[in-house]
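K.L.:
My request is simple: use the sequences and hints to build the entire structure.
The chain contents come next:
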Amino acid sequence: MIPNILTILLMIPLAGAVLILTIPKENKNVIRSLAIGTSIVALIVSIVVWGAFDRSITGLQFAQLVPWFDLGYLTINYEIGIDGLSMPLLLLTTFVTTLSLFASLSIKERVKEFYISSLVLLTGMLGVFVALDMFLFFLFFELTLIPMFFIIGIWGGKAKDYAAFKFLVYTGLGSGIMFITFIAMYYFGAKAMYFQDTSFSIVQLAEVFANPANENVLTSAVRGGLFLALFVAFAIKLPVFPFHTWLPNAHVEAPTAASMILAGILLKMGGYGLIRIGIGILPDQAARFATLIAVLGVVNIIYGALLALVQTDLKRLVAFSSISHMGIVLLGIASFTESGLQGAIFQLVSHGFISALLFFMVGAIYERTKTRTISEMGGLSKSIPILAGFMLAAAMASVGLPGLSGFVSELLAFIGIFGASAEIIPAAKAFGVIAGLGIILTAAYLLWAMQRTTFGQLDEKFSGLPDARPLEYIPMIGLFGLSLLIGIYPNILSDVINITVIDILSKIGG
Amino acid sequence: MSAFDANWSLMTPEIVLAALALLIFTIDFMTGIREKKPYLGRLSILALLVSAFLVLFMNGEGGAIADIFIVDTFSTVFKIILLLAVAMVIAISMHYLDKNDDVYQGEFYSLMLFATLGAMLMVSSADFVTLFIGLELLSISSYCLAGFKKHQRKSTEAAIKYIILGGTASAFILYGMSFLYGLTGTTSVVEIGKSIPALYADYPYIITMSMLFMLAGFGFKISAVPFHMWAPDVYEGSPTPVTAFLSVVSKLAAFALVIRVFFVAFWSISEEWTFLFATIAALTMISGNFIALTQKNVKRLMAYSGIAQAGYLLVPLAVSANYAPMAVNTIVFYSVAYVLMTAGAFAVISYVTEESHSEEMNSFAGLYRRSPFMAIAMTVFLVSLAGLPFTAGFVGKAQIFIGAVTGELLWLAVIMILTSIISFYYYFGFIKQMYMREPKANDANLKVPAGLSAVITIALALTIILGVLPGILTNFFMEVSHWMF
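Note that the protein sequences, when read in sequence, are chains X and E.
Take the first sequence: its position 18, counting from 1, is numbered 1 in the working numbering, and each next residue is one higher.
Take the second sequence: its position 120, counting from 1, is numbered 114 in the working numbering, and each next residue is one higher.
Treat the hints with care, as some may be off.
[Said to hold, decoys possible] Heads up, simulated EDC-like pairs for lysine to aspartate or glutamate below, C-alpha to C-alpha not over 20 Å straight-line:
id : chain 1 : residue 1 : chain 2 : residue 2
1  : E       : K93       : E       : E353
2  : E       : K441      : E       : E101
3  : X       : K174      : E       : E402
4  : X       : K91       : E       : E432
5  : E       : K434      : X       : E92
6  : E       : K144      : E       : E353
7  : X       : K353      : X       : D442
8  : E       : K434      : X       : D144
9  : E       : K143      : E       : E354
10 : E       : K93       : E       : E29
11 : X       : K353      : X       : E92
12 : X       : K95       : E       : E432
13 : X       : K8        : E       : E29
14 : E       : K290      : X       : D144
15 : X       : K141      : E       : E432
16 : X       : K91       : X       : E350
17 : X       : K365      : X       : E443
18 : X       : K490      : X       : E359
19 : X       : K8        : X       : D144
20 : E       : K143      : E       : E101
21 : X       : K365      : X       : E350
22 : X       : K353      : X       : D450
23 : X       : K11       : X       : E92
24 : E       : K30       : E       : E101
No lab work stands behind these hints: they were computed from the structure.
These numbers come from a predicted model, not from an experiment.
P.N.:
Spelled out as structure tokens, the structure:
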């Protein structure tokens, strides 16, 4: 296998961005094709990684470790690698980003800056999913902040300033808490090791925290505090109620492509971080707070769904549905069963495709109707049948129609929560029942919205709207196709994540 | 040992700089005072570079002149930082002076060089008398520079305020020094450091008083809260390059002084002052960042941002008691980062505010359209000041932060992070102006003059290089066995 393939993958978007920097801004089509070409190359590389990924071993693959800089008592390493948890998310990232760049062909203003920002963003997101050193993880996590601020602030809708700054301050706060927690984790880990050969390595810290001999330093209170702080940090990104208020603004004001990336990938960084670092280093504490996680998961599902139900703006509705769907991730994690955790990871991936598709459809329809207000639309299936059809399909996937990916992930998460051991969550079944009610609400708001937009009386002014352009088929078919593929043949995904899930769970048991 | 036996060659860089400054002074007199004299600016930069070269290569081993003037790794590193910072400031000034006819050119350069000389003396001196002379040379030259636009009310006001408050601060420092002299009978920092442990048992209050007086005086110079009130007014009124000088050179020289005095003279009673520094650092970070939020004037904003940055730099002093070399490493790294990002930012600010004849935030509106290079460079400087990844500022701040957590000052670390996040808001306010606002109709595209663009390019390149490969500096620190004698 190609050595350092992950580093190459990280460098591809940056190289593309630098290349675009040298091209005069008037050559918009050259810039567009270069950017899309770059992302396709990254996609191909990640498919190669997917193909070469060994599904039978638990450890980290394609790992690479280079000392980066030395602070005397502490070495900061460039340490990367992937396992069954990060592999699907890596592919999701390149895939959704590539399709979102196709979707942003409608951007006419300041094309050069847009594509440079998007490619830098891509590097940041890929970096988060491959980093195995907490310092590096944080660097990449923060790297996503700046381009996203620009994308929302420059190409966003009416209230873009407010949305951009809210995004900046909220996620900045999340990053701040994350950084404090990382350093505190490092510090307590290092203390347990008497400050010998310490680093920010997730693998190393997981071993130190798992060693019972270190319990005099890593007391239960310390561990609990660290886990809760981590949880808050990632909860802002995921987002978990009550830290979700940045999301509706950011998603609604962002241009279509950015909404796709925000909902499709950036939110997943929160869930990924929670599993990789929260459960990876502090599995016992994750189990200890399982009830809390489950409660918040249920609150997310119900609260997100109720708010989605009352939205009059289609894009806001989709944004709130994201909050609701992220609740399922929490619920799956909280169950600490094999299927539950699988469901959580499935949901991260599946929601990545579905929410990106939904946002794309909303964007494409808005481009034609110039309105996102649900009540002003109606009968769109008559004038733009293909777009309306795909939107309906996306909504069905989001509701969890069997045969599509949303169904698989919800099913797994629910099997998980119903089978959760009473030692970890008391009254797990009750959580399952309440969350199930939330799923009914999902069907309610989505179907109701679809009924009001795609069916019914067609407004005169919407007749004769142009239907899907050839290039719009690429994101639509790509995203829907993968959702369908996972829905029909979930093995393609579970094959990769299964062994890692078992490995994670074995740490909680032991 | 008589004065003639001393190893005067240790002072070569200072002597050469003084000679060249006098030369510039003389040339200025001989050529009439009212002309534009860009060649003097070039000569000044040359003088600074020669001096930096001498600092670097003259005294490999280091040494001391009778414990009064010390050349060690610490002073060498700080002198290099200061000299290069002043060279950047002068490059900024050359453009500024070219645009402003009401400023006497020659005096400007020679005063700046004398101020630099004072700063160099400060970082090398280990005696209260030399130290005070260096400090006053720096301060008095700065007072003059602050009032250089003498036909402008604000500039004169700035100079008067600065002189009165600065004089008071100097008096505080002297008063504090006099206590120690009275107790120990010596002005040598090293000797005082040796005798304090024994004396502290008998005279704890006098020594504490002396320390507090000095702390207040030094706090003024580094613009730490609650001694910071002068900074916004003086920064606003001074000519922009002088503002850059004050926020970079004066501040860092004073930091070097604080480290020298507290790490040598007061080292044995460090548990008495670490908490003081922690408190001051916390206050400084909080007030600097919060007040900066409300500022509309760019230079005032930079003043508060500079106060906040001083707060970050104070944090390592608060945790220094655990491991002093680490604190010095951290401060030096952040000082380098601070020089690069602040000087770079001031280069852009000086140019933009001069071109638009306005010092309001909205003079940056649409800068990206008018000059993409400057807008991108400014973005990097601001992102670095805010402490976001892949910039020197981030690595520096992360080191300070790791130090604070490792030193078990978690509360201070938390304040540092939270106030940094607040700073996003105003730093990104600039970015909003540059990218998300349209330029005013009559604003033409900007052409960046060569000198300024050199400063900006160097600062930009180094900010990113140190952010991506911090090992360049940190590996050097690993080799330093001891910073001070």
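K.L.:
Confirm or reject each hint.
P.N.:
Evaluated hints:
no.	hint	result
1	E:K93 / E:E353	holds, 15 Å
2	E:K441 / E:E101	violated, 28 Å
3	X:K174 / E:E402	holds, 11 Å
4	X:K91 / E:E432	holds, 17 Å
5	E:K434 / X:E92	holds, 19 Å
6	E:K144 / E:E353	holds, 18 Å
7	X:K353 / X:D442	holds, 13 Å
8	E:K434 / X:D144	holds, 19 Å
9	E:K143 / E:E354	holds, 19 Å
10	E:K93 / E:E29	holds, 12 Å
11	X:K353 / X:E92	holds, 18 Å
12	X:K95 / E:E432	holds, 17 Å
13	X:K8 / E:E29	violated, 43 Å
14	E:K290 / X:D144	holds, 17 Å
15	X:K141 / E:E432	holds, 16 Å
16	X:K91 / X:E350	holds, 13 Å
17	X:K365 / X:E443	holds, 11 Å
18	X:K490 / X:E359	violated, 53 Å
19	X:K8 / X:D144	violated, 24 Å
20	E:K143 / E:E101	holds, 12 Å
21	X:K365 / X:E350	holds, 17 Å
22	X:K353 / X:D450	holds, 14 Å
23	X:K11 / X:E92	holds, 10 Å
24	E:K30 / E:E101	holds, 12 Å
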